[in-house]
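Q: Sequence:
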Amino acid sequence: MGWRLLLVIFFALGGLFLCSQPLLAPEPPQPTGKQENDLLFQIELFIRHYQPALSQADLDEIILGILEASERHKIDPRLITSLIAAESGFRKTAVSRKGARGLTQVMPDKINGFDWREARPNIDCGTAYLRKMLDRFNSVPLALAAYNAGPTRIAKNEEWPRETRFYVSQVLTNYENLLKK
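Residue 176 in our numbering sits at position 176 of the sequence shown; the count goes up by one each step and never skips.
In case anyone wonders, no lab produced these hints; they're calculated from the structure.
As the structure is a prediction and not an experimental result, all values here were calculated from the model.
Just to be clear, a hint being listed does not mean it is correct.
Stated by the list, open to error - Using 20 Å as the maximum straight-line C-alpha spacing, the simulated DMTMM-like pairs for lysine to aspartate or glutamate come out as follows: (1) K180 - D76; (2) K132 - E71; (3) K181 - E44; (4) K92 - E61; (5) K92 - D58.
Claimed, not checked - Quick list of the computed label-pair ranges, beta carbon to beta carbon: (6) L172 - L45: 16 to 26 Å; (7) L45 - K156: 34 to 44 Å; (8) N157 - F114: 32 to 42 Å; (9) E71 - K180: 16 to 26 Å; (10) Q56 - S139: 28 to 38 Å; (11) N138 - K110: 29 to 39 Å; (12) E158 - P52: 36 to 46 Å; (13) E71 - F114: 15 to 25 Å; (14) D60 - K156: 33 to 43 Å; (15) H49 - E118: 14 to 24 Å; (16) F114 - D76: 22 to 32 Å; (17) D58 - S96: 19 to 29 Å; (18) R131 - K98: 37 to 47 Å; (19) S169 - D135: 20 to 30 Å.
Ideal Cβ placement from N, Cα and C applies to all residues, glycine included.
My request is simple: use the sequences and hints to build the entire structure.
A: Have a look at this one:
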């Protein structure tokens, strides 16, 4: 047997071994009772529901952004998470028909010197605006409606657009579901 044939056999067997390994990451371990009650774990599962292919680094950055903004602006992280789900489905590069950008769908006039595709500053900016609406309207549903349709429209006590009614319902339903877990 020549050395070339041995080399071919060696690589063929090695290739079989390499190809027999799983190409996808192994399944994560099943959560324990303690983990199921853990807020971070619940937020991670919620985000994974929307974006199962999100890299761990991006997921960690989003969660960190939510927690930092929650602390800074004194808003429940589950409400911020629910808002992001409705706004962008956790897509960092989402752009709406009206030009809103990023995870929290910040309007360009609110973006002051940061890259809107970066999770943490985008989440902080959107959460700061939500805090402003909460302080103005003293009501979560009204603040969410103002976040979506604009504070002037909501302050006029006009009927909310159908899109806004759906949006508020979606955010509050997600929020209630996260509170139950």
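Q: The structure should be examined with respect to each hint, and the outcome stated for every one.
A: Cross-check of the supplied hints:
no.	hint	in the structure
1	K180 - D76	14 Å, holds
2	K132 - E71	15 Å, holds
3	K181 - E44	13 Å, holds
4	K92 - E61	11 Å, holds
5	K92 - D58	9 Å, holds
6	L172 - L45: 16 to 26 Å	19 Å, holds
7	L45 - K156: 34 to 44 Å	39 Å, holds
8	N157 - F114: 32 to 42 Å	34 Å, holds
9	E71 - K180: 16 to 26 Å	23 Å, holds
10	Q56 - S139: 28 to 38 Å	37 Å, holds
11	N138 - K110: 29 to 39 Å	22 Å, violated
12	E158 - P52: 36 to 46 Å	39 Å, holds
13	E71 - F114: 15 to 25 Å	19 Å, holds
14	D60 - K156: 33 to 43 Å	41 Å, holds
15	H49 - E118: 14 to 24 Å	23 Å, holds
16	F114 - D76: 22 to 32 Å	24 Å, holds
17	D58 - S96: 19 to 29 Å	20 Å, holds
18	R131 - K98: 37 to 47 Å	22 Å, violated
19	S169 - D135: 20 to 30 Å	23 Å, holds
Consistency with the previously given hints fails for numbers 11, 18, ordered from lowest to highest.
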